[in-house]
Amino acid sequence: MNEKNIAISAKSITKHFGDFTALYNVDFELRTGEIHCLAGENGCGKSTLIKIINGVYQPDPGAKFSFEGKLEKKQILPSDAKRLGIHVIWQDLALFPDLTVAENIIFDHYVAKPFKLINNKKACSDAQIVINQLGIFLDPRSRVGDLSIAKRQLVAICRVIHAKARIVFMDEPTASLTKKETENLLAIVRTLSSQGISVVFVSHRLGEVLDICERVTILRDGKSVGTFPTQGMTQKKLTSLMTGLDIELTKRNNSNFGPTVLELKNLSRIGEFEGISFSLRKGEILGLTGLLGSGRTEIAHAIFGMTKATSGEIKIDGEAVNFKSNVDAIAKGIAYVSEDRLRLGLDQMQSINMNSAVTVIGKLSKPAFFLHPAAIRALCTDWIKLLKIKVSNPALPVSSLSGGNQQRVVLAKWLATKPKIIILDSPTVGVDVGAKVGIFDIVRKLSDEGMAIILISDEASEIYHNTDSFLVLKSGRISFSMKTSEVNEEKIEGIINA
Amino acid sequence: MFHLSIVERIKKKGTDALELYSIIIFLIVSILFFSLISSDFFSLRVFQSMAFQLPELGLLTLAMLIPIISGGLNLSITFSANICGLSTAFLIKSYLPDFGVLTVFLAFTVGIVVGIFVGALIGLIIAYVGAHPILVTLGAMIFLRGLGETITHGGDISGMPEVFNTIGNSLMLGIPIPLYIFLAASVVTFYIMQYTKIGFSIYMVGSNPDAASYSGINTKHILVFVYSLSGALAGLAGVLMLSRFNSVRIGHGYSYLLITILACFLAGANPFGGFGRIIPLVIGLISLQVIASGMNLMGASQYLVTAMWGGFLIIVMMLRSPFLKKN
Numbered sequence: 023m024n025e026k027n028i029a030i031s032a033k034s035i036t037k038h039f040g041d042f043t044a045l046y047n048v049d050f051e052l053r054t055g056e057i058h059c060l061a062g063e064n065g066c067g068k069s070t071l072i073k074i075i076n077g078v079y080q081p082d083p084g085a086k087f088s089f090e091g092k093l094e095k096k097q098i099l100p101s102d103a104k105r106l107g108i109h110v111i112w113q114d115l116a117l118f119p120d121l122t123v124a125e126n127i128i129f130d131h132y133v134a135k136p137f138k139l140i141n142n143k144k145a146c147s148d149a150q151i152v153i154n155q156l157g158i159f160l161d162p163r164s165r166v167g168d169l170s171i172a173k174r175q176l177v178a179i180c181r182v183i184h185a186k187a188r189i190v191f192m193d194e195p196t197a198s199l200t201k202k203e204t205e206n207l208l209a210i211v212r213t214l215s216s217q218g219i220s221v222v223f224v225s226h227r228l229g230e231v232l233d234i235c236e237r238v239t240i241l242r243d244g245k246s247v248g249t250f251p252t253q254g255m256t257q258k259k260l261t262s263l264m265t266g267l268d269i270e271l272t273k274r275n276n277s278n279f280g281p282t283v284l285e286l287k288n289l290s291r292i293g294e295f296e297g298i299s300f301s302l303r304k305g306e307i308l309g310l311t312g313l314l315g316s317g318r319t320e321i322a323h324a325i326f327g328m329t330k331a332t333s334g335e336i337k338i339d340g341e342a343v344n345f346k347s348n349v350d351a352i353a354k355g356i357a358y359v360s361e362d363r364l365r366l367g368l369d370q371m372q373s374i375n376m377n378s379a380v381t382v383i384g385k386l387s388k389p390a391f392f393l394h395p396a397a398i399r400a401l402c403t404d405w406i407k408l409l410k411i412k413v414s415n416p417a418l419p420v421s422s423l424s425g426g427n428q429q430r431v432v433l434a435k436w437l438a439t440k441p442k443i444i445i446l447d448s449p450t451v452g453v454d455v456g457a458k459v460g461i462f463d464i465v466r467k468l469s470d471e472g473m474a475i476i477l478i479s480d481e482a483s484e485i486y487h488n489t490d491s492f493l494v495l496k497s498g499r500i501s502f503s504m505k506t507s508e509v510n511e512e513k514i515e516g517i518i519n520a
Numbered sequence: 003m004f005h006l007s008i009v010e011r012i013k014k015k016g017t018d019a020l021e022l023y024s025i026i027i028f029l030i031v032s033i034l035f036f037s038l039i040s041s042d043f044f045s046l047r048v049f050q051s052m053a054f055q056l057p058e059l060g061l062l063t064l065a066m067l068i069p070i071i072s073g074g075l076n077l078s079i080t081f082s083a084n085i086c087g088l089s090t091a092f093l094i095k096s097y098l099p100d101f102g103v104l105t106v107f108l109a110f111t112v113g114i115v116v117g118i119f120v121g122a123l124i125g126l127i128i129a130y131v132g133a134h135p136i137l138v139t140l141g142a143m144i145f146l147r148g149l150g151e152t153i154t155h156g157g158d159i160s161g162m163p164e165v166f167n168t169i170g171n172s173l174m175l176g177i178p179i180p181l182y183i184f185l186a187a188s189v190v191t192f193y194i195m196q197y198t199k200i201g202f203s204i205y206m207v208g209s210n211p212d213a214a215s216y217s218g219i220n221t222k223h224i225l226v227f228v229y230s231l232s233g234a235l236a237g238l239a240g241v242l243m244l245s246r247f248n249s250v251r252i253g254h255g256y257s258y259l260l261i262t263i264l265a266c267f268l269a270g271a272n273p274f275g276g277f278g279r280i281i282p283l284v285i286g287l288i289s290l291q292v293i294a295s296g297m298n299l300m301g302a303s304q305y306l307v308t309a310m311w312g313g314f315l316i317i318v319m320m321l322r323s324p325f326l327k328k329n
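Those protein sequence lines, which keep their order, are chains A and B. Letter by letter, the first sequence follows residues 23 to 520 in this note's numbering. Letter by letter, the second sequence follows residues 3 to 329 in this note's numbering.
Incorrect hints may appear among the rest.
[Unchecked claim] Straight-line alpha carbon distances no greater than 27 Å define the calculated DSSO-like cross-link-like pairs of lysine-lysine that follow:
# : chain 1 : residue 1 : chain 2 : residue 2
1 : A       : Lys407    : B       : Lys199
2 : A       : Lys354    : A       : Lys467
3 : B       : Lys222    : A       : Lys346
[As the list claims (entries may be wrong)] Pairwise CB distance ranges, derived in the manner of DEER restraints:
# : chain 1 : residue 1 : chain 2 : residue 2 : range
4 : A       : Arg165    : B       : Met320    : 29 to 39 Å
5 : B       : Ala309    : A       : Lys33     : 52 to 62 Å
6 : B       : Ser45     : A       : Asp114    : 51 to 61 Å
7 : A       : Ala209    : B       : Gly313    : 55 to 65 Å
8 : A       : Asp463    : B       : Tyr182    : 57 to 67 Å
Quick caveat, the hints were computed from the structure, so don't treat them as lab data. Owing to the predicted nature of the structure, the values given are computational and were not obtained by experimental measurement. Ideal Cβ positions, reconstructed from N, Cα and C, are used throughout, including at glycine.
Given only the sequences and the hints, what does the whole structure look like? Please build it.
Below, the structure written as structure tokens:
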């Protein structure tokens, strides 16, 4: 490999917060025009490192920074970061939804010259120049709030380019994009790199990381594991470097299935899905996959009684049901783990205790008008033990837990209802690699115990390793239906994205 | 850094304990302050006068707290209270002979039932129309005021049977009867909020209605209950005011409206819903009353008392800010 210029080199970075060591003696080096990945599980110190390089935090004494081989510094101040063109695009993008695309892109002008009048025409033409530079299509006059997430991402990229970025950190840029949108984004990242801009990519999707990045720096528990070229690296090796564990993804063994518990016959809901028929047996894991917006979640909502199908039938244990709301569905033994854990799965501000008991408060009230707080605490303690949830104090808000542990709390609150059927809607979104395995261990154990499970996921690997059979949805209809044992992972990947 | 670590340590104790400690400290400080300044402060007379004034504001504040915990607000509490008072007075004066003590029981029943009716209507609109509680209760507030003024021609109804005066203005075992009523209402509300399924659900609906609904809580029923309970407490306050003043006027206690909101926030209720406890609220109310009575004793005007209350809220918010979560 040619010796490229070093855009930034950071040496011996240590950062303490109180007693907690967020980073210890970490080195990080980025070449000009390189696409570099920063990998590691949640809480490993990625964000802290980004914030130190971006000037938000100051490192403990002893750190050394240099830029393009010169300009030695002991710390980076926000003003330095700005001057050197270091920018971060956080996952939430930090755009102004009520402003236009152009206003968002040239936003820096507003900040730099707060009293200058705004020339709308010039704003649009300036923005257009940046848009053209990236070779994308965006209307500078449209309101950012009206755009899709993928387009907003592009606006955020245009903004940093307009601000003359040399180094761009992208935090989970593909987390909420479809496969196609992701490919578009990766193409743009390559364009940036070809224009000499260095990009640091933070992503949980390891396939993507290996695909686009030249090198990867791995952090674990605040320490650097090292920087490796991605050539010759495999997902498996990357995972074991990140977690320090050798994670062997195993394929689920078909167990014996019991009688049919759930049957859908020609279920349709206008505008969402059409003619959905399938059946689910006791102890079976059925995969439901397809792109975002293919009707996966909508079907789950109909089964869970959140919405009403316009035609067709849902049978539970051979008996047709007609749920007025999800209260009826829960009473019939259906549980639904929402894809949106942050907003719908848990009440982030309330305690772990309350979140784990919310589905069974009626049962915990003994007599009916007396709900003892001790009963709630006991239930929560039991589930913390059973599902091995890492909790320091169950009275703390559930938001204090990591993604994987939060997802375990969601499982706990639904398992507490003793369901017959559990629908898992994208249960590993925002969950670390190591924690994902843990969650699927629980899921498999449940199915071994006779639970009927529907697993909604758009990750071929999850479908391949954990289901007995799966359905692929396309525009609200079932386009494929097959036994998992008859296909391989690559084939599933191909079908989903066909 | 040092400052931060203390904050962290207190945070670990949990916010509930924190609210309780801070409000108790607030009460102790205000009692100490006034007993040092005025030697008359520690007297039975002062405490009894405080205990007579507290219950009305107290009941109205409970009526405000429940909707705030559910993520809303009830701006119609004072007018609801007086509509209940008016209905009761009207019924008793026009249709009923004096049954003695029985009349009082009847009066409270009528007042509470009317309060539940008004509250349930408000709750139904909020739950099923989905309009914001501020808008719905603001509409209800202005509607009830106009209604009350129309019925009374802007005046008042007075001349209740003597037994009302007894309930409103006499002592039992040295303690004013209204205080018993307030404490009983606080205990019932405390029980509902901390020890029942419905109270649990109110907290969950308050902080995240969508998550609550996905978890199988019927959020609409909960909202109807919240405003019915708020109406019942307002109705109780209305009949109590009727017996204290031996008269009822639609504008009675209107100045309490914003004070009730202040008291809720002073006790640590979250303006966005989901948090707020009864015990800190009761202690906070006592503190406010201590400040009011103490300042009266020093000869300060009621206007200055109001200013002090506002000032205290701001100070408490500032002291609390390092402990508040950013989200």
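Hint by hint, which ones does this structure get wrong, listed from lowest number up?
Nothing - there is no hint that the structure violates, so all of them hold.
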